Amino acid sequence: MVVVLRREVGDVLRTRRVDLGRTLRDVSAQASVSLGYLSEVERGEKEASSELLASICAALELPMSAMLRNVSERVERAENLSAPVALPVRTAEQQVRASAA
Numbered sequence: 001m002v003v004v005l006r007r008e009v010g011d012v013l014r015t016r017r018v019d020l021g022r023t024l025r026d027v028s029a030q031a032s033v034s035l036g037y038l039s040e041v042e043r044g045e046k047e048a049s050s051e052l053l054a055s056i057c058a059a060l061e062l063p064m065s066a067m068l069r070n071v072s073e074r075v076e077r078a079e080n081l082s083a084p085v086a087l088p089v090r091t092a093e094q095q096v097r098a099s100a101a
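Under UniProt numbering, the residue at position 73 of the sequence shown is numbered 73, and the numbers go up by one with no gaps.
If you're looking for bench data, these hints aren't it; they were derived computationally from the structure. These numbers come from a predicted model, not from an experiment. Some hints could be false.
Listed next, with one range per pair, are the computed distances between beta-carbon atoms [stated by the list, open to error]:
{"#": "1", "residue 1": "R43", "residue 2": "V96", "range": "39 to 49 Å"}
{"#": "2", "residue 1": "G21", "residue 2": "S65", "range": "18 to 28 Å"}
{"#": "3", "residue 1": "R90", "residue 2": "M64", "range": "24 to 34 Å"}
{"#": "4", "residue 1": "T91", "residue 2": "V18", "range": "48 to 58 Å"}
{"#": "5", "residue 1": "T15", "residue 2": "A92", "range": "20 to 30 Å"}
Where a beta carbon is used, it is the ideal one built from N, C-alpha and C, also for glycine.
Please construct the entire structure, taking both the sequences and the accompanying hints into account.
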């Protein structure tokens, strides 16, 4: 689940940056984070600290609460997609009847 969380955080940040028409270089400079590290965060390869996320969100003019809400909704969808599906289980009696038929 940690990988899903990192990926969703990165996707939300990247989508916001692209929607604003900003470059990695521009946002990394404003957020005081290396371009490479920001790129890794956006790709879900690195997990940013809360301080770094706050800095990136500020550079993107994105309230951290909005980013977290968006991430939470995405993670919930991912959990629902990967939730196990309950299959009916036959009792011994049902199995005997099925094999006799």
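Hints, one by one, checked against the model:
no.	hint	verdict
1	R43 to V96: 39 to 49 Å	54 Å, violated
2	G21 to S65: 18 to 28 Å	24 Å, holds
3	R90 to M64: 24 to 34 Å	50 Å, violated
4	T91 to V18: 48 to 58 Å	55 Å, holds
5	T15 to A92: 20 to 30 Å	53 Å, violated
Taken one by one, the earlier hints fail for this structure at numbers 1, 3, 5, listed in ascending order.
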